[in-house]
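Undergrad: If you want the building blocks of each chain, they are given just below.
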Amino acid sequence: MSDLYHSQRAMRDMRKAALQRGVIAILDIGSSKIACLFLKFDESARARGIDGVGPMAGQSNFKVIGAATTRSRGVRFGEISMMTETERAIRTAVQAAQKMANVRVDHAIVTFSGGEPRSYGLAGQIDMQGGEVSEQDVARVLAACDVPPLGDGREVLHAQPVNFALDHRSGLADPRGQAGGTLACDMHLLSIDADVVRNVLYCVGRCDLEVAGIASSAYVSGVASLVEDEQELGAACIDMGGGSTSVSIFMKKHMIFADSVRMGGDHVTRDISKGLSVPMAVAERMKTKHGGVVATSMDDREMIDMGGDSGDYEHDMRQVSRTELIGIMRPRVEEILEETRACLDAAGFDSLPSRQIVLTGGSSQIPGLDDLAARILGQRVRMGRPLRVQGLPQAATGPAFSSAVGLCLFAANPQDEWWDFEALHSPYPARSLRRAVRWLRDNW
Amino acid sequence: MQSVIRRPRHIRPAAPYTRRDPAPSRLQYRWQRLWLTPFWRFAIRVLLPFALLAGIAALVWSDPLRAGAIKAHVSAMQEAVQNRQEFLTTTLSIEGASPDLADAVRKKLNVTLPMSSFDLDLAALRTAAQSLPAVAEAQVQIRSGGVLRVQITERIPVLVWRKGEHLILVDSEGHPVAGLHARSDRADLPLIAGQGANEAAGEALDILATAGPIAGRIQGLVRMGQRRWDIVLDYGQRLMLPAENPIAALDRALALDQAERLFDRDILAIDLRYGPRPVLRLAPYALTKRQESLGLIKPVESSL
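Top to bottom, those sequences are chains A and B.
In case it helps, this note's numbering puts the first sequence at residues 306 to 749.
In case it helps, this note's numbering puts the second sequence at residues 61 to 364.
Treat the hints as calculated values from the structure; they're not laboratory data.
Be careful, since some hints might not be right.
Partial list, derived from the structure: chain B residues whose beta carbon lies under 10 Å from chain A [said to hold, decoys possible]: (1) Val64; (2) Tyr89; (3) Arg90; (4) Thr97; (5) Pro98; (6) Ile130; (7) Lys131; (8) Val134; (9) Ser176; (10) Ser177; (11) Arg298.
All C-beta atoms, glycine included, are put in the ideal place defined by N, C-alpha and C.
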């Protein structure tokens with residue numbers, strides 16, 4: 306874990322260097338598309354010395370100067386399955402964004418949804434021996450959290466302090482400077498498959514970019530698509546992507562749970578492709594143009610050309626009614642939502658004060674999904690679109706870009722993580738020295 | 061594959077549109093990134109052409125024969141431009157000077173026309189023209205039509221200054237204007253004499269203007285010890301004016317003259333240097349007569 310601590314610290318330093326330079330690339334490696342945004346940070350806002358987050362939820366101090374998306378290649382379930390293909394796709398996106406921005410960018414912040422994220426809630430406690438809480442104490446209490454066995458080949462992706470408690474007072478966001486006897490903290494830790502991270506880092510490195518941070522797409526899409534009161538009161542963000550569906554639960558402006566279901570829109574497309582025996586491209590087009598989850602009697606009469614290039618007239622002239630298409634799509638969408646429901650149940654989502662559910666991601670654009678989701682997940686479901694960010698092209702404002710936009714916000718004001726605090730000095734030498742001094746004072 | 065039967069257009073499904081999405085090669089990608097590096101762009105677009113040009117120039121210049129040829133060519137071109145008809149100065153016109161002075165200026169300037177206006181040093185010409193004593197100010201300009209125009213402001217002599225053996229004409233500021241052969245050449249101008257007399261020419265003129273009533277009798281003014289004036293009248297009478305405020309002293313003397321006919325008496329000099337008490341210096345004979353009439357001395361009978 307110390308190894309990762311250092312690599313995360315290195316990434317944080319890289320991010321600072323990138324912010325110093327003023328431009329940073331946002332890379333969303335998804336299963337169906339790879340999005341690349343270039344952010345330009347406004348020095349004047351920093352020079353003006355805005356305390357804290359600043360106006361407009363911190364979005365006023367950056368601007369998107371380049372945006373490009375490309376069809377993803379070699380990514381399955383949000384994980385890289387073919388390195389060279391993925392590298393080429395990243396290169397395409399980065400080059401197009403570079404061309405738009407006319408700026409060279411050397412640092413990238415990356416998000417992806419795969420790697421089977423697992424959430425852990427940790428708790429730690431230290432004695433303060435009276436006095437005020439310093440940064441050192443915060444580092445100590447974070448280090449005092451007991452880390453459960455993460456399993457073989459798993460790494461920590463996020464380790465965010467969620468809550469601090471000083472003696473009997475809980476719910477402190479920032480305990481520094483306060484006096485108390487016992488400092489306790491709750492930490493949310495997200496572990497992820499180490500090899501997946503390594504592949505992503507390798508792929509991005511092959512494109513001559515330095516990784517200045519990685520984030521889980523469940524987290525960043527929640528940041529982008531949940532509005533402030535939802536984040537405060539408790540809400541779940543369900544990011545239905547191409548290869549996987551990420552679930553994140555927010556409470557008091559902190560992510561407290563994240564998980565992913567390894568099913569997404571690509572599976573729906575594949576079902577259509579198999580069921581109607583059409584190529585994937587045709588199936589994708591049918592899904593996006595005519596797809597839905599709630600059939601009406603009108604849909605029986607709406608016939609969809611399937612096309613084909615086989616030369617066989619009967620085969621090429623096939624048609625399918627929209628009802629049939631919906632009949633193929635609905636069970637898979639239901640399955641995805643059921644799995645999501647299971648995740649939420651496992652997290653104890655029912656016990657939250659506000660059980661708002663926000664659906665986002667590219668697959669959430671299926672017509673009628675909100676009805677279906679309300680029936681499976683609970684009554685309070687809404688469709689989420691990412692926040693409006695300055696300079697973002699109109700084409701990139703849809704729900705498919707919520708994780709990219711969330712990553713922009715994450716880059717602008719990152720959440721404090723465990724490694725953002727100074728490494729704990731070993732207390733032993735100081736104490737022994739003090740003891741020696743005391744012994745000398747007592748005996749001489 | 062070509063279909064055997066041509067399908068009717070209206071039931072023909074549109075070919076599934078897949079966007080062409082070619083990935084750049086690694087080399088292309090790196091090349092683009094290199095081009096977006098500011099220093100590299102600057103080096104290629106500015107430094108490299110500049111260095112190339114400088115290198116070529118240095119290469120050409122390194123051969124003395126070629127360098128000489130280039131220099132000769134350049135100077136020939138320059139010559140050709142400067143000697144064009146449009147830049148030629150053909151006439152010298154001197155304005156504002158009397159004919160004699162104009163001749164003197166012409167001789168002093170010593171320009172051989174026609175000459176290219178590039179070769180004329182106007183500042184030097186102006187200095188040369190102003191070095192003549194009779195010239196107060198000269199303006200030199202080249203006007204259209206190839207005219208070198210010299211505008212002269214002449215000094216006007218108002219006094220004759222006798223300096224040792226020489227007679228010099230002096231203007232109102234004391235600048236020497238020209239020499240004079242004989243006093244009679246300019247009998248109309250008053251005479252001043254003495255060392256440094258020209259420096260107080262203005263004061264001399266004031267005194268002469270004040271001494272209007274006795275103007276006919278004034279022979280001239282003499283500067284004494286470079287600080288005060290004596291008015292010399294005919295018959296050798298002198299009016300010794302003070303250094304300070306000579307006009308007032310002269311006024312008083314004139315008033316005395318009007319009242320007592322002072323200057324007609326047998327007096328050698330009237331000393332006005334001590335303001336409250338003018339002192340008269342009598343001629344020797346007049347002094348004896350005065351003493352006799354007062355009974356101070358006895359008249360001596362001439363034995364002759």
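Undergrad: It remains to establish, for every hint, whether it holds in the given structure.
TA: Outcome of the hint check:
1. Against a cut-off of 10 Å between C-beta atoms, the interface hint on B/Val64 holds, since the closest Cβ of chain A lies about 7 Å away.
2. Interface restraint check: B/Tyr89 against chain A, minimum CB-CB distance 5 Å, threshold 10 Å, status holds.
3. A distance limit of 10 Å between C-beta atoms decides the matter here; for B/Arg90 the minimum to chain A is near 7 Å, and the interface restraint holds.
4. A least Cβ separation of about 6 Å between B/Thr97 and chain A falls short of the 10 Å threshold, and the interface hint therefore holds.
5. For B/Pro98, the shortest C-beta to C-beta distance to chain A is roughly 8 Å, which falls under 10 Å, so the interface hint holds.
6. Annotation: B/Ile130 was flagged as interfacial toward chain A, and the flag is violated, the nearest CB pair being 43 Å apart, outside 10 Å.
7. A hinted interface residue such as B/Lys131 counts as satisfied when its beta carbon comes closer than 10 Å to some beta carbon of chain A; here the least separation is about 46 Å, so the hint is violated.
8. Restraint check, B/Val134 versus chain A: the minimum CB separation of about 44 Å is more than 10 Å; hint violated.
9. Interface hint status for B/Ser176: violated, as the beta-carbon distance to the closest one in chain A is roughly 55 Å, over 10 Å.
10. About 54 Å separates the beta-carbon of B/Ser177 from the nearest beta-carbon of chain A, more than 10 Å, and the hint is not met.
11. Violation of the interface hint for B/Arg298 is found here, the shortest Cβ-Cβ separation to chain A being roughly 90 Å, above the 10 Å cut-off.
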